[in-house]
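Asker: Here is what each chain is made of, one letter per residue.
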Amino acid sequence: MSIGAMLGNIVESLFKKPATEHYPFERQPTPDRLRGNLLWDPGKCSGCQLCIRDCPSNALELIVLDKANKRFVMRYHADRCTFCGQCVQTCRFKCLSMSNEQWELASRSREAFTVNYGKDEDVQFLLDQAAQAGAGVPCQPE
Amino acid sequence: MDITSSLQNAEALLNLWMHGMDYPDLSRIDVTLPPRELKSAVSILKKAHWGYLSAITGLDRPAPAPTAQDSANVPAPDGAIEVLYQFCEGAAVLTLRVSVPYSAAIIPSICSIIPYATLYEREAMELFGVTFKNTPDSDRLVLPDDWPVGVYPLRKSFTGFTDAQKEEMVE
Amino acid sequence: MESLANQKKFIVPIGPQHPALKEPGHFEFTVDGEIITGASVRLGYVHRGIEKGTESRTWIQNLYLLERICGICSHVHALAYALGVEKLGNVDVPPRAQAIRTLVAEMERIHSHLLWLGVAAHEGGFDTLFMYTWRDRETVMDLLEGLTGNRVHYSVNVLGGVKVDVDEKQADAIRRGVDFLEERTKYYMKVVTTDETFLGRTRGVGKMTTEQADELGTVGPTGRASGLTRDIRVDAPYAAYPLYPVQVVTGTSGDLLERFIVRIKELYETYRLIRLILDKMPTGELTARIPRRIPENEAISRVEAPRGELFYFLKSNGSEMPERIKVRTPSICNWSSVINFAVGLKLADMPMVLSGMDPCFSCNDRLVVVNRPTGSQVWTWEELRQYGINYYR
Amino acid sequence: MTTITLPALIILLIFPGGLFLLASGLVYEWVDRKLVARFQNRVGPRWFQPLADMIKLLAKEEIIPTGVHPGLFVTLPVAALAAALTAALYVPMFGFTPAFSFRGDLVVTLYLLSMMTLGIGLAGANTVDRFSLVGATRTLTQLFSYEAPFLLTLLGPAIMASSWQISQINVYAHNVWWMIFTQPIGFVVALVGLMGKLEFPPFDAPEAETEIVSGALTEYSGRGLALFRIGKDVELVIGLTLVVAFYLGGLANPLEFLIKTLVLLLVMAGLQSLFARLRIDQTVGLWWRIGAVLALIQLLAIIIGRFIGRV
Chain U
0 MSIGAMLGNI VESLFKKPAT EHYPFERQPT PDRLRGNLLW DPGKCSGCQL CIRDCPSNAL
60 ELIVLDKANK RFVMRYHADR CTFCGQCVQT CRFKCLSMSN EQWELASRSR EAFTVNYGKD
120 EDVQFLLDQA AQAGAGVPCQ PE
Chain A
0 MDITSSLQNA EALLNLWMHG MDYPDLSRID VTLPPRELKS AVSILKKAHW GYLSAITGLD
60 RPAPAPTAQD SANVPAPDGA IEVLYQFCEG AAVLTLRVSV PYSAAIIPSI CSIIPYATLY
120 EREAMELFGV TFKNTPDSDR LVLPDDWPVG VYPLRKSFTG FTDAQKEEMV E
Chain R
0 MESLANQKKF IVPIGPQHPA LKEPGHFEFT VDGEIITGAS VRLGYVHRGI EKGTESRTWI
60 QNLYLLERIC GICSHVHALA YALGVEKLGN VDVPPRAQAI RTLVAEMERI HSHLLWLGVA
120 AHEGGFDTLF MYTWRDRETV MDLLEGLTGN RVHYSVNVLG GVKVDVDEKQ ADAIRRGVDF
180 LEERTKYYMK VVTTDETFLG RTRGVGKMTT EQADELGTVG PTGRASGLTR DIRVDAPYAA
240 YPLYPVQVVT GTSGDLLERF IVRIKELYET YRLIRLILDK MPTGELTARI PRRIPENEAI
300 SRVEAPRGEL FYFLKSNGSE MPERIKVRTP SICNWSSVIN FAVGLKLADM PMVLSGMDPC
360 FSCNDRLVVV NRPTGSQVWT WEELRQYGIN YYR
Chain V
0 MTTITLPALI ILLIFPGGLF LLASGLVYEW VDRKLVARFQ NRVGPRWFQP LADMIKLLAK
60 EEIIPTGVHP GLFVTLPVAA LAAALTAALY VPMFGFTPAF SFRGDLVVTL YLLSMMTLGI
120 GLAGANTVDR FSLVGATRTL TQLFSYEAPF LLTLLGPAIM ASSWQISQIN VYAHNVWWMI
180 FTQPIGFVVA LVGLMGKLEF PPFDAPEAET EIVSGALTEY SGRGLALFRI GKDVELVIGL
240 TLVVAFYLGG LANPLEFLIK TLVLLLVMAG LQSLFARLRI DQTVGLWWRI GAVLALIQLL
300 AIIIGRFIGR V
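Residue numbers (numbering that gives the first Met the number 0), protein chains in the order written: chain U, 0 to 141; chain A, 0 to 170; chain R, 0 to 392; chain V, 0 to 310.
Since the hints were made in silico from the structure, they are not lab data. Just so it is clear, CB atoms sit at the ideal spot from N, CA and C, and this is done for glycine as well. Just to be clear, a hint being listed does not mean it is correct.
What follows is a set of in silico ranges between Cβ atoms, one per label pair, in the way DEER data are often shown [unchecked claim]:
| no. | chain 1 | residue 1 | chain 2 | residue 2 | range |
| --- | --- | --- | --- | --- | --- |
| 1 | A | D145 | U | P28 | 47 to 57 Å |
| 2 | R | P18 | A | H48 | 38 to 48 Å |
| 3 | U | E20 | R | P241 | 38 to 48 Å |
| 4 | A | K155 | U | K93 | 33 to 43 Å |
| 5 | R | K279 | A | D77 | 52 to 62 Å |
| 6 | U | F92 | R | A287 | 13 to 23 Å |
| 7 | V | A147 | A | S42 | 54 to 64 Å |
| 8 | V | L18 | A | D136 | 52 to 62 Å |
| 9 | U | V63 | A | K155 | 27 to 37 Å |
| 10 | A | P63 | R | M320 | 13 to 23 Å |
| 11 | R | D171 | U | E20 | 21 to 31 Å |
| 12 | R | P244 | A | S42 | 33 to 43 Å |
| 13 | R | G32 | V | L57 | 33 to 43 Å |
| 14 | V | S220 | A | D136 | 32 to 42 Å |
Within a straight-line C-alpha distance of at most 25 Å, the following computed DSS-like cross-link-like pairs (lysine-lysine) qualify [as the list claims (entries may be wrong)]:
| no. | chain 1 | residue 1 | chain 2 | residue 2 |
| --- | --- | --- | --- | --- |
| 15 | U | K118 | U | K93 |
| 16 | R | K206 | R | K345 |
| 17 | U | K69 | U | K118 |
| 18 | R | K86 | R | K314 |
| 19 | A | K155 | A | K132 |
| 20 | U | K43 | U | K118 |
| 21 | R | K185 | U | K16 |
| 22 | R | K185 | U | K15 |
| 23 | R | K206 | R | K264 |
| 24 | R | K168 | R | K279 |
| 25 | U | K66 | U | K93 |
| 26 | R | K189 | R | K264 |
| 27 | U | K66 | U | K118 |
| 28 | U | K16 | V | K33 |
| 29 | V | K33 | V | K55 |
| 30 | U | K15 | V | K33 |
| 31 | R | K185 | R | K264 |
| 32 | U | K69 | U | K43 |
| 33 | R | K189 | R | K206 |
| 34 | A | K132 | A | K38 |
| 35 | R | K206 | A | K45 |
| 36 | R | K189 | U | K15 |
| 37 | A | K155 | R | K314 |
| 38 | R | K51 | A | K155 |
Turn these sequences into a full structure, and let the hints guide you.
Answerer: Structure below.
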């Protein structure tokens, strides 16, 4: 039975640095395992599209330019992504990974969140095509 | 009490009413009951202090799509709603399975025996369109107030609203 | 006379928007002065139709959908679902994976109980305790982020195992964090049980006997504070709980104070379990292969969420998508206890009694229905997405 | 003691009444919020936050809800603020001699200070909102519970000084032992009474946000709310000044005022962050069972002491 059981702690707090973080001026370092933006390595992809099938939020599109020569472009919609990491788990060739860099999921337009991954010439080819014909034909999972 | 004796105990208690019985796995017993026997089965469980009601699960079992062999003069079979009353005691789970056709989806309410079943019954009522006879409260619980009457979202036949229904809701 | 009495009813609405409940639920308390004479509840303000949604997604996609039922106990939902699917698919999960699942589940329990302690203190107007517990809760959230890569939706589970492993460095960080939290928890125990002003708000309030708790079907710490020994971790051990036995914490008096004590004591038990798991971690694989098509069967999966028993019923039809998934969350069991006990209490006690059962509205409500500013209309998912796209363009 | 005399209009409108008092109210509100934040290990608001809040509220539309008496709705905040500002004129604000003073002004000041609470109570009762009504009931209940003990504790020093005039009590307090040592019980009750008057935690049941949103002021917005809030800030400064003048050795100059009131505010902020909110029945119980009795014992001790002294 006492009154003011927290007295010690509050007096201590008065002389302690506040626990609040001055975001965005101060940022905590991100942990190594942070599940951040998705990265795609075009070299190893076989175009099986299992990642697209398993994605719970339709965040991935694979645009097949030339299946025989393995020319693919991965279109990643970061704004739809829930960062669950299932695609990384699903990929048998380990071509997907998640970056642990800090990033802001905020922008004034949606375009900033659509990322095309692939070999430079393929992405360029796709962009040129899109410029000519309006929009690229996204590949739908069967 | 270990699982096996719990399950055997449940079997012995319900022996009188059951229409079918099954042990789907080591810790479960499924008992099929006609709707009219439900209340007596639940009250005997309650009297014997066999576990507690853990959930009431609705299952939609639509009629299989008519095949080409069905002749036109045989009436199409009616789909059924199956309501599962899951009781738990320790690790043992007893499921009372009650199946009713769409045309007569009426099940006696067990709220007089287990009062807290009311929330579960209200949920099943809204989402599956089963009528629980004599349930104390049949107000909307989870669906919005302007949800159309007679549309049960968890039935397999519900795949979204028709345009007419949307119009109606706007009004 | 009757009608006159009805007219004089003075109803205090709490919710769907109210500072006491940060989540939408609607309660109507009929009051006579400060004393409550009647209560009713309406849920569904955030009913998201997850049960229907699961029927049009694959087994793998559902894991992430179900994880998002709740933001506080996200892991236990995914765990209950994964255990159920593994039962359906007859897959044996490697012991190390089960141990990691258990570890994360227990860390989530710390997170949830500390969060609850803060909320309950805030409802009682004890903001200092609220700030302190939430500050300390950051410790366990940081640990979870370091371990899994996300602070809220840990997504540790995959069907058939887990994604992440615990290395020695992680284990040490967790041990240190747990030591710190244990010390803090002891302090909170002291505050909660000795501070006279707080005791005045909790002692003898919302009392529930064991029989009443049983009659009302309460689960979890709310029931255990009334002496109901129901804990799925003990009754039907799942994941790695058979290896790391849990001692049930029960109380006797069943009032609000006892619910505080039971939850804090559960934290002690959780700290012990975490150390035990880290010290005796089985070795081996992290995942087992699971087929994409699950054979036709039914399974029931029960786990002990921080709020009580979480019940999953899964039915498969041999395809890639489930036939039916039923989720019965612990909060819905405990509502009846609140509604039944409100009568006779003081209005000022109501927020505390409500929070005393640790209600989680996202637990209860799981259809995409959006009220437009002009009239209300049901939107399909596609329309909604289109609206979102146009809005941001 | 220094005596500075200023033209009456300046005293009323600018210094030390009017504008300067309002500004100091905002500063004290900030200090209070900042201290509570630091006690809770938070950062707390920046120095201009109360001012920014006030400007925002003043710039906003004032919504008059249906079912209220519009005239009353608009005039109540003005009356409450005016009462608080008037009360300041009889109190040695900032260490200066009170602008106006007459025999018995202590009683007038105390009544003027109660106007604020009464105004909030009436404002709540004026609306048809349930939260406001519950809040108004609680505000008025609380008013009747802390007012008597608070009054009794201020009578203690008055009896010692044999005067009902605040300025004379102030001078008396300055010349003798600090009365916190001679009347410790009185000081504690006065301090806690002040917290009750200002509806600070743990006596914030009338505006308990987790129960009744914002209590009596739930329906207020814009200007009305701004005036009530600034009125409360002014009352905070006046209350602190009164307690300091009576119990902490009086006020002679602005520096003394600043140091003494801020120390008192520090103690008050500590008390605010130390307790859980009391239910309204607990508040009433506390005041009448403990507060009033303590204050009476104190008063009795003083009277007996004086009687013995005279004999």
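Asker: Decide if the proposed pair is consistent with the structure: U/K69 and U/K43, CA atoms, cutoff 25 Å inclusive.
Answerer: holds, 9 Å
Asker: Quick one: are U/V63 and A/K155 within 27 to 37 Å, going by C-beta?
Answerer: The hint (27 to 37 Å, Cβ to Cβ) holds, given that U/V63 and A/K155 are roughly 35 Å apart.
Asker: Are the Cα positions of R/K86 and R/K314 separated by 25 Å at most?
Answerer: holds, 11 Å
Asker: Is the hinted pair U/K15 and V/K33 satisfied, with a Cα-Cα distance of at most 25 Å?
Answerer: holds, 14 Å
Asker: Against the 25 Å threshold, does the CA-CA distance of R/K185 and R/K264 hold or violate the hint?
Answerer: holds, 9 Å
Asker: For the pair supplied as a hint, U/K66 and U/K93, confirm whether the alpha-carbon distance does not exceed 25 Å.
Answerer: holds, 19 Å
Asker: How does the Cβ-Cβ distance of V/A147 and A/S42 compare with 54 to 64 Å: does it lie in that range?
Answerer: Given about 60 Å between the Cβ atoms, the range holds.
Asker: Just to be sure I understand the hint, the distance between the Cβ atoms of R/G32 and V/L57 should be within 33 to 43 Å; is that true here?
Answerer: holds, 36 Å
Asker: Run the distance test for U/K16 versus V/K33: straight-line Cα separation, threshold 25 Å.
Answerer: holds, 13 Å
Asker: Given the hint that R/K206 pairs with A/K45, test it: the Cα-Cα distance must not exceed 25 Å.
Answerer: Holds, at about 24 Å.
Asker: Is 32 to 42 Å right for how far apart the beta carbons of V/S220 and A/D136 are?
Answerer: holds, 37 Å
Asker: Has the given pair, R/K189 with R/K264, been kept, meaning a C-alpha gap of at most 25 Å?
Answerer: Distance of about 12 Å is within 25 Å: holds.
The structure agrees with every numbered hint stated previously.
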